[in-house]
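Q: Each chain, written out:
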Amino acid sequence: MGRLAAFAHRLGSPRWFFDITGPWLVVLSVIGIALVTVGSVWGLVFAPEDYQQGNSFRIIYVHVPTAHLAEALYLAMGAAGVVLLVWRMKLADMFIAVTAPVGMAITGVALLTGAIWGKPTWGAWWVWDARTTSVLVLFFLYVGLMALRQAIPAREQAGRAVAVLAVVGTVNVPIIKYSVDWWLTLHQPSSFSLTEPPTMPAQMWLPLLVNVVGFYCLVAAVVLAGLRNEILERESGTAWVRDWLARKLRGSVA
Amino acid sequence: MIVLAQAGRDLRIAFRARGEMAHPVAFFALAVTLFGLGLGSDLQTLGAVAVVVVWVIALLACMLAAESLFRRDFEDGTLEQMLLHGRPIFLAVLGKLAAHWCVSGLPLVLFAPVAGFMLQAPTQALPVLVASLAIGTPTLAAIGAVAAALTVGLGRGGLLLALIALPLYVPVLVFGASAGVVAASGLSALPQLLWLLAMLAAALTFVPFAVGFALRLSQEY
Numbered sequence: 001m002g003r004l005a006a007f008a009h010r011l012g013s014p015r016w017f018f019d020i021t022g023p024w025l026v027v028l029s030v031i032g033i034a035l036v037t038v039g040s041v042w043g044l045v046f047a048p049e050d051y052q053q054g055n056s057f058r059i060i061y062v063h064v065p066t067a068h069l070a071e072a073l074y075l076a077m078g079a080a081g082v083v084l085l086v087w088r089m090k091l092a093d094m095f096i097a098v099t100a101p102v103g104m105a106i107t108g109v110a111l112l113t114g115a116i117w118g119k120p121t122w123g124a125w126w127v128w129d130a131r132t133t134s135v136l137v138l139f140f141l142y143v144g145l146m147a148l149r150q151a152i153p154a155r156e157q158a159g160r161a162v163a164v165l166a167v168v169g170t171v172n173v174p175i176i177k178y179s180v181d182w183w184l185t186l187h188q189p190s191s192f193s194l195t196e197p198p199t200m201p202a203q204m205w206l207p208l209l210v211n212v213v214g215f216y217c218l219v220a221a222v223v224l225a226g227l228r229n230e231i232l233e234r235e236s237g238t239a240w241v242r243d244w245l246a247r248k249l250r251g252s253v254a
Numbered sequence: 001m002i003v004l005a006q007a008g009r010d011l012r013i014a015f016r017a018r019g020e021m022a023h024p025v026a027f028f029a030l031a032v033t034l035f036g037l038g039l040g041s042d043l044q045t046l047g048a049v050a051v052v053v054v055w056v057i058a059l060l061a062c063m064l065a066a067e068s069l070f071r072r073d074f075e076d077g078t079l080e081q082m083l084l085h086g087r088p089i090f091l092a093v094l095g096k097l098a099a100h101w102c103v104s105g106l107p108l109v110l111f112a113p114v115a116g117f118m119l120q121a122p123t124q125a126l127p128v129l130v131a132s133l134a135i136g137t138p139t140l141a142a143i144g145a146v147a148a149a150l151t152v153g154l155g156r157g158g159l160l161l162a163l164i165a166l167p168l169y170v171p172v173l174v175f176g177a178s179a180g181v182v183a184a185s186g187l188s189a190l191p192q193l194l195w196l197l198a199m200l201a202a203a204l205t206f207v208p209f210a211v212g213f214a215l216r217l218s219q220e221y
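Just so you know, the protein sequences line up as chains A and B, in that order. Numbering-wise (the numbering used here), the first sequence opens with residue 1 and increments by one. Numbering-wise (the numbering used here), the second sequence opens with residue 1 and increments by one.
Fair warning: there could be bad hints in the mix.
Cβ-to-Cβ under 8 Å is the rule here; a few derived chain B residues that face chain A [stated by the list, open to error]:
1. Pro167
2. Gly212
3. Phe213
4. Tyr221
The set of hints was computed from the structure by calculation and includes no laboratory data. Glycine residues also receive a C-beta, built at the ideal position from the N, C-alpha and C atoms.
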């Protein structure tokens with residue numbers, strides 16, 4: 001077995017995943033908090049004002065990271081859905097279960113900050129622009145996923161049904177991404193692109209980049225923490241969880 | 001072969017209960033009437049929004065019709081037999097979809113011009129409205145089938161099905177409605193219609209597999 005195959009094979013064991021991710025959680029949390037602190041202070045205090053939007057543009061330092069994450073988390077759930085349906089990996093189901101509420105909250109923040117930004121910039125809290133609408137639809141996709149999971153009593157079947165829906169919903173995400181190009185609309189084009197240099201000055205986009213990376217780390221830490229809790233809960237009948245809890249209560253593990 | 005057999009069986013069953021076939025169109029006509037009553041005194045506004053209203057109502061009718069797609073087969077055990085007989089389930093799904101659209105989608109398409117006239121839609125938009133519905137409603141039926149298959153075993157479709165299906169309907173509605181709006185302003189709606197065709201092709205390619213997966217699950221709830 002190659003190294004990658006061996007890693008994928010071990011991922012099938014929630015216990016193994018739980019054991020190795022303890023340190024990851026600490027590292028991700030520390031990096032995330034540090035980057036978001038640096039990026040936010042830099043962006044909110046030291047970055048220059050926008051020549052048209054003044055200080056109101058500064059909400060970009062929360063809006064863009066959350067909007068990125070709203071899509072990325074859904075794509076990740078779609079990928080996990082494929083993994084669950086093809087390889088029946090329990091961890092993939094747990095990942096979807098944990099990520100859906102986080103993604104919904106993040107999408108909510110993206111919509112809210114978008115509305116707050118829209119008021120001074122476009123003169124309206126809400127506009128039916130392609131991309132704002134698409135993010136709203138993304139929010140509803142998260143709602144549908146969570147509603148379906150709650151409606152199915154059997155946990156394993158619920159997991160697979162939600163995975164089917166997550167995979168089907170993923171076809172919607174490219175439409176979100178490219179809707180800006182399809183319908184020329186009110187929303188400004190993406191701030192970042194892999195192929196073009198940013199149109200903003202570096203003092204503006206560098207803190208944004210720091211915040212995007214920081215938000216990714218923070219949300220990864222939140223998902224990881226949730227995933228570890230989910231593993232403990234689902235495996236609560238097993239010997240290793242009882243051992244771990246006993247050691248935890250004695251204070252010999254972090 | 002399986003496709004035709006399945007479609008033929010479903011159509012025969014549908015024609016034995018002709019009353020039910022009228023439900024989607026009756027809903028469509030009723031909803032159009034409600035809009036007419038709500039906006040009726042203002043013919044200009046009505047005409048301006050007519051194409052979009054027709055599209056939204058057709059979409060809702062498709063969604064409501066989707067709920068019954070697998071319900072009867074699930075309840076009397078036919079679905080279980082379909083899954084057990086060992087032939088590819090996606091072929092049977094395609095057949096069921098074809099029959100379902102003939103019964104629930106096609107009448108909407110045929111009734112759309114009448115609804116358009118009732119709502120004062122611009123006459124030059126009507127052919128495009130019918131064309132966009134003819135291409136768009138099969139896609140809606142296919143997407144609805146996924147939601148119906150996921151919820152059929154739960155004994156309560158309704159709102160849950162709506163929550164699942166409506167967000168997935170959005171791209172179809174965007175292109176379908178904009179086709180009508182563009183045609184109403186005298187421009188060519190060909191790009192929108194081609195997009196709708198592309199979505200139909202994609203839906204017919206992928207949806208039967210997702211539905212097959214979901215139907216297998218529905219036996220285990």
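Q: For each hint, tell me whether it holds in the structure or not.
A: Checked hints:
Among the interface hints, the one on proline 167 (chain B) holds; its C-beta lies about 4 Å from the nearest C-beta in chain A, closer than the 8 Å criterion. Hint on glycine 212 (chain B) is violated. Least Cβ distance to chain A is approximately 10 Å, over the 8 Å limit. A least Cβ separation of about 5 Å between phenylalanine 213 (chain B) and chain A falls short of the 8 Å threshold, and the interface hint therefore holds. At about 5 Å, the closest approach between the beta carbon of tyrosine 221 (chain B) and any beta carbon in chain A falls short of 8 Å, and the interface hint on this residue holds.
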